[in-house]
Amino acid sequence: MKVTVHIERRAVIADPEGAMIARSLADLGYDEVTAVRTGRTLHLEVEGDDVESVEKRVIDMCDRLLANPVIEDYRVEVDQ
Amino acid sequence: MKVTVHIERRAVIADPEGAMIARSLADLGYDEVTAVRTGRTLHLEVEGDDVESVEKRVIDMCDRLLANPVIEDYRVEVDQ
Amino acid sequence: MADLCLLGTTPLPHRLRRRGSLASLVGDEVIGVVVFPGSNCELDVQWALQALGAETEIVWHRDTDLSGIDAVVLPGGFAHGDYLRTGAIARFSPVMTSVAEMAAAGRPVVGICNGFQILCEARLLGGALIANRDLSFICRPVEIEVVDSGTVLTAAVEPGTVLTLPLNSYEGQFTDPAEDVRIVARYVADVNGSQGRAAAVANAGGNVVGIMPHPERSSEEILGSADGRVLLEGLVAATERMTV
Amino acid sequence: MKTDLAPEQDGITEGPPTPTDDGPAPIHRLLGLTDGEFARIVEILDREPSAAELAMYSVMWSEHCSYKSSRAHLGRFPTEAPWVVVGPGENAGVIDLGDGWLAAFRIESHNHPSYVEPYQGAATGVGGILRDVFTMGARPVALWDQIRFGPLDQPKNRYLFSGVVSGIAGYGNAVGVPTVGGEVDFEECYTGNPLVNVMCLGILRSDQLVLGTAGEPGNVAVLLGAATGRDGIGGASVLASASFDEESGAKRPSVQVGDPFEEKKLIEACLELYDRDLVAGVQDLGAAGLSCALSEPAARAGVGMDVDLDTVGVREPQMTAPELLMSESQERMMAFVAPGNVEAVLAVAAKWEIAASVVGTVTEGRTLRVRHNGQVVAELPAASLTDEAPRYDRPLGEPAWMEDLWSNKWKHVAQPALATTLLQLLDDPSIASAAWAYEQYDHMLFLGTIVGPGNDGTLLRIKGTDKAVAVSTDGNGRLCLLDPRRGGARLVYEAALNVAMTGAEPRAVVDNLNFGNPEKPDVMWQFRQTIEGISEACEALGIPVVGGNVSFYNETDGTDIYPTPVVGLVGLVEPYPVPPPRLDRCREGMDLWLAGPADAIGLAGSAFEKVTFGHVGGRPTAPDATMAKAAIGFARRLVADHLSPALHDISDGGLAVAVAEMAIASAVGVVVDYADWRHLLSEDPHRFVFATDPEHRTSVEDAAAAAGIPLARLGSFGGNEIIFSRGGAKAVVDLATATETYRSALPRRLG
Ligand SMILES: Nc1ncnc2c1ncn2[C@@H]1O[C@H](COP(=O)(O)OP(=O)(O)O)[C@@H](O)[C@H]1O
Ligand SMILES: [Mg+2]
Numbered sequence: 364m365k366v367t368v369h370i371e372r373r374a375v376i377a378d379p380e381g382a383m384i385a386r387s388l389a390d391l392g393y394d395e396v397t398a399v400r401t402g403r404t405l406h407l408e409v410e411g412d413d414v415e416s417v418e419k420r421v422i423d424m425c426d427r428l429l430a431n432p433v434i435e436d437y438r439v440e441v442d443q
Numbered sequence: 364m365k366v367t368v369h370i371e372r373r374a375v376i377a378d379p380e381g382a383m384i385a386r387s388l389a390d391l392g393y394d395e396v397t398a399v400r401t402g403r404t405l406h407l408e409v410e411g412d413d414v415e416s417v418e419k420r421v422i423d424m425c426d427r428l429l430a431n432p433v434i435e436d437y438r439v440e441v442d443q
Numbered sequence: 003m004a005d006l007c008l009l010g011t012t013p014l015p016h017r018l019r020r021r022g023s024l025a026s027l028v029g030d031e032v033i034g035v036v037v038f039p040g041s042n043c044e045l046d047v048q049w050a051l052q053a054l055g056a057e058t059e060i061v062w063h064r065d066t067d068l069s070g071i072d073a074v075v076l077p078g079g080f081a082h083g084d085y086l087r088t089g090a091i092a093r094f095s096p097v098m099t100s101v102a103e104m105a106a107a108g109r110p111v112v113g114i115c116n117g118f119q120i121l122c123e124a125r126l127l128g129g130a131l132i133a134n135r136d137l138s139f140i141c142r143p144v145e146i147e148v149v150d151s152g153t154v155l156t157a158a159v160e161p162g163t164v165l166t167l168p169l170n171s172y173e174g175q176f177t178d179p180a181e182d183v184r185i186v187a188r189y190v191a192d193v194n195g196s197q198g199r200a201a202a203v204a205n206a207g208g209n210v211v212g213i214m215p216h217p218e219r220s221s222e223e224i225l226g227s228a229d230g231r232v233l234l235e236g237l238v239a240a241t242e243r244m245t246v
Numbered sequence: 061m062k063t064d065l066a067p068e069q070d071g072i073t074e075g076p077p078t079p080t081d082d083g084p085a086p087i088h089r090l091l092g093l094t095d096g097e098f099a100r101i102v103e104i105l106d107r108e109p110s111a112a113e114l115a116m117y118s119v120m121w122s123e124h125c126s127y128k129s130s131r132a133h134l135g136r137f138p139t140e141a142p143w144v145v146v147g148p149g150e151n152a153g154v155i156d157l158g159d160g161w162l163a164a165f166r167i168e169s170h171n172h173p174s175y176v177e178p179y180q181g182a183a184t185g186v187g188g189i190l191r192d193v194f195t196m197g198a199r200p201v202a203l204w205d206q207i208r209f210g211p212l213d214q215p216k217n218r219y220l221f222s223g224v225v226s227g228i229a230g231y232g233n234a235v236g237v238p239t240v241g242g243e244v245d246f247e248e249c250y251t252g253n254p255l256v257n258v259m260c261l262g263i264l265r266s267d268q269l270v271l272g273t274a275g276e277p278g279n280v281a282v283l284l285g286a287a288t289g290r291d292g293i294g295g296a297s298v299l300a301s302a303s304f305d306e307e308s309g310a311k312r313p314s315v316q317v318g319d320p321f322e323e324k325k326l327i328e329a330c331l332e333l334y335d336r337d338l339v340a341g342v343q344d345l346g347a348a349g350l351s352c353a354l355s356e357p358a359a360r361a362g363v364g365m366d367v368d369l370d371t372v373g374v375r376e377p378q379m380t381a382p383e384l385l386m387s388e389s390q391e392r393m394m395a396f397v398a399p400g401n402v403e404a405v406l407a408v409a410a411k412w413e414i415a416a417s418v419v420g421t422v423t424e425g426r427t428l429r430v431r432h433n434g435q436v437v438a439e440l441p442a443a444s445l446t447d448e449a450p451r452y453d454r455p456l457g458e459p460a461w462m463e464d465l466w467s468n469k470w471k472h473v474a475q476p477a478l479a480t481t482l483l484q485l486l487d488d489p490s491i492a493s494a495a496w497a498y499e500q501y502d503h504m505l506f507l508g509t510i511v512g513p514g515n516d517g518t519l520l521r522i523k524g525t526d527k528a529v530a531v532s533t534d535g536n537g538r539l540c541l542l543d544p545r546r547g548g549a550r551l552v553y554e555a556a557l558n559v560a561m562t563g564a565e566p567r568a569v570v571d572n573l574n575f576g577n578p579e580k581p582d583v584m585w586q587f588r589q590t591i592e593g594i595s596e597a598c599e600a601l602g603i604p605v606v607g608g609n610v611s612f613y614n615e616t617d618g619t620d621i622y623p624t625p626v627v628g629l630v631g632l633v634e635p636y637p638v639p640p641p642r643l644d645r646c647r648e649g650m651d652l653w654l655a656g657p658a659d660a661i662g663l664a665g666s667a668f669e670k671v672t673f674g675h676v677g678g679r680p681t682a683p684d685a686t687m688a689k690a691a692i693g694f695a696r697r698l699v700a701d702h703l704s705p706a707l708h709d710i711s712d713g714g715l716a717v718a719v720a721e722m723a724i725a726s727a728v729g730v731v732v733d734y735a736d737w738r739h740l741l742s743e744d745p746h747r748f749v750f751a752t753d754p755e756h757r758t759s760v761e762d763a764a765a766a767a768g769i770p771l772a773r774l775g776s777f778g779g780n781e782i783i784f785s786r787g788g789a790k791a792v793v794d795l796a797t798a799t800e801t802y803r804s805a806l807p808r809r810l811g
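Residue numbers (this note's numbering), protein chains in the order written: chain P, 364 to 443; chain L, 364 to 443; chain G, 3 to 246; chain E, 61 to 811.
No lab work stands behind these hints, which were simulated from the structure alone.
Don't take each hint at face value.
[Stated by the list, open to error] With a straight-line cut-off of 30 angstroms between C-alpha atoms, the simulated BS3-like cross-links for lysine-lysine are:
1. E/216 to P/419
2. E/216 to E/471
3. L/365 to P/365
4. P/419 to P/365
5. L/419 to L/365
6. E/790 to E/471
[To be verified] These stretches of chain G come out as covered by chain L in the derived footprint (C-beta under 8 angstroms, 3 or more residues):
7. 64-70
8. 231-239
[To be verified] Chain E residues, not near chain G, derived (Cβ > 12 angstroms throughout):
9. 323
10. 503
11. 505
12. 508
13. 639
14. 767
From a predicted model like this one, the values you see are computed outputs, not experimental measurements.
Beta carbons are placed, not taken as given, at the ideal position from N, Cα and C, and that holds for glycine.
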């Protein structure tokens, strides 16, 4: 099963990299871009056939390892 | 307009981070995970009301700056 | 002589275009050392080149006029914070147009560490540098074997020579799907997963060279190794040849 | 303009007051102010404070910023010497290196933030200490990290350790300041409360010195650098001062994110401002943010200030006045500029691509007046936030358990198996090679590091001169638990000896005092004793304390950490030795010598007792000032006269480990003759081993006699084994095995 984990830094936490990317885009003339936030995606290949239990396990992985609960939120998407 | 850019490393290019995450997951007992690939997401706030022209501009940004065609592929998604 | 600049004081833009040389052993060729916001090895490179008698000039990334400059070094550091991808934003600095022109004209263009990454992003070299295989920053001396003497950096080195130079990078793993890579030096041991153990690569003309380990950090015995000097001497000599 | 000083409830982000039997708890308590402190504020203002004022007092009067529990004791430190340019009280201490060169340095802790988020906590710790140094006009040239965690067999400790190391690497490398040394230590007591200390040293020309002063009325306050967000709000008073408990998860949103790129630009921009003489004073924004950056410089200059918060660049909309005043957003500096220079300052900022805005004006009188949305939200005497902060002379007393600790001596019934013991010690994460950490740090930038990590002290040359600055940082919680006074003194002597072994003369100290809960008399006693010990040793050596930091409330669920002072000692050598002494310069055929007390058999507090028996008890050997000075003088002579290429002090793991480390670094075996096995494992002070060419025997003996220090030739280097030999009996460790054990101890545990 293919599972995608989307990880985003919480909105209140600073994202200097996003800010720098926005600035560079403006320098290149793309001044219609008013803000940029960066995120990460993890594409997992997971063995298993029950969507629900796979999802549960991946949520577990996120809580323990994949996301940093202190500054990030995540979303799990099972692609099947 | 909200635009999301998904940047993935091309399959032929090594993904040390993905490999490391897969290893750590196995160490934690999640051995049902057989592979991990990492990607990045950029969430752009873009001024403009024409979806098509916004999309075109963002594709342009990707070609010029946001993605490196030597190692990466990208996908643009206009969320509106 | 006890100039704060020697300790590593800022390459202040208002001081730019000031030239310095310890001794004019060579002609009046000038090697430009380009500074981007976030660069940090520019003064080290300048120090090491000046010790060889070369004349150097610090060039700010917004400068576009490189007249009077015969070769350029893009030094190490974290240009634009390495944000997005290392070298990705620096590639668009105004100075890079002139750097590309120099490269096309066959002038020596050398990128060290972050400078190498910038040259790849600017497509002046093929390939890209991605995170080290073990995902950790590596700062330690490594052995590299020079395998190609036909470049501006290695002209003075016999193929097969092993040099000890400090590595100092996180994104040091060279990769190039094109495969027709001109490898100039290889790591003796596979330290970071680089394709073909590439530590340095060049363009077809041999005048544009990217090298991951730092020659300037091993340019004096007191720093633990003087092996990098032969590379910098090669650059100085190549610059001289070009301008004759 | 309308004045609105009525207390307002909004903007206090700590959530609604907790209801009690008597109704809601007052906000000042939620902000960490006691009722007594609140009463004092009312007395100062002669009215109830506004929300903005309360916010300012709460952060400025927090333990972290006000030193309210420690100030009474810090006065004990000797602070004077002819070469002191700036002593304690400024952002960093400054000493004279001669010929117009100065060194500015300081040490800071980021313990609690690093527990909450190890990468960002450590990263912002680096950012903060750098600002303290370049605020003084100096270019930061080197960092040292002293980091302490619980044992690595617990996953959480591994996570914290690797996160902290990545954070220091991530920030330090990218900001372009090399991390050239430090300490890594593991003890059970740091499990819930790691210690992350960072020292920074900068170099400047004497005409570039800048102080944290607002200067004259009419000057303009210019805020430089990053935009202000809701970072670390409540951090200064809550995160840094409150103890850990199960609830700390709830405080998590106040994690600050560091941006080394912004800081790098800020460094270059500030150095250009100094170079062009465009500023009257500068103050960094750290804990307590704007509140501190406005009030401290005003108080120092005896002036007031008018500030308009609407001019502060923000990262998030709708920030309230208290939030703006308390925010700990990183990478910001406040410059005080004569009106005629403002344009030039803004141009420099633009060139370096950093934001800059005029936020206030220096005024006559001493009132700090803050406006927001067109209203005055705070109006108070600037100095009341700093000079009038409360001071507590907290009760202290020798803990009842000290006697028990001292009498709890381990009974050594037999000589241990030396080969096994050595390998056990080399495998101990606190003793083993720290290369796993320091090879992630750029430690070579600026080409100044001529003696780098892996040696005792660091030696940094100042290029273009023949001067070099030597630094050693030392801490030892176990030793200080067993005797905080002796421990504190021994740390100073150890650091001084380390510095001397690079050839340098000790010049000044900064200290970072990591302690438990100061409300406990036991902890205050440890604190006082430590200060006593550090002071005594500094006095004996004739060196001042020029700065430091105090971190209290290092406790978990009521259990305090070991008292853990960290000493950073700076020395000077001129001309610097070429080639410089390094551990890896021992060669086949060289003699091995021991200098220092010959009767060193003390084992209390040693790594040997801890690692082998899990024992921590007994009373550590007292230091001896005369012997300390003799050892320092002798080491400097050996280096100056090029008699020894490699010297190593005896500390963790004793002589056995010291000699093994030299052999490992130099890839050559060694034979050591001993009379009493305790000599090999004792960590008694003022001892070091060194290698020499046999031709120097007489010179070495003469120099030792002149220095008045006992000297013994222990053996010689050669072969590929480490051998301890007494009579016919030999303990043999294969050098390759020792090397592998020593180098793999950390990577193996971290996977
Ligand atoms: N343990 C200590 N020993 C000596 N001086 C200290 C100690 N702790 C703090 N100080 C001094 O007190 C002053 C104020 O410190 P602090 O408020 O932490 O500064 P900052 O606001 O820059 O963090 C500094 O000059 C510091 O050197
Ligand atoms: Mg400060």
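Hints, verified against the model:
1. E/216 to P/419: Between residue 216 of chain E and residue 419 of chain P the Cα gap is close to 23 angstroms, so the pair holds against 30 angstroms.
2. E/216 to E/471: Violated - the C-alpha atoms of residue 471 of chain E and residue 216 of chain E are around 35 angstroms apart, more than 30 angstroms.
3. L/365 to P/365: Satisfied, since the Cα-Cα distance of roughly 26 angstroms is no more than 30 angstroms.
4. P/419 to P/365: Holds: residue 419 of chain P and residue 365 of chain P sit about 14 angstroms apart, inside 30 angstroms.
5. L/419 to L/365: It holds: about 14 angstroms lies between the C-alpha atoms, which stays within 30 angstroms.
6. E/790 to E/471: Measuring from Cα to Cα gives roughly 24 angstroms; hence the hint holds.
7. 64-70: violated (count 0)
8. 231-239: violated (count 0)
9. 323: violated, 10 angstroms
10. 503: violated, 6 angstroms
11. 505: violated, 6 angstroms
12. 508: violated, 7 angstroms
13. 639: Violated, because the least Cβ-Cβ distance between residue 639 of chain E and chain G comes to about 6 angstroms, which does not exceed 12 angstroms.
14. 767: holds, 27 angstroms
This entry does not satisfy hints 2, 7, 8, 9, 10, 11, 12, 13, going by the numbered hints stated previously.
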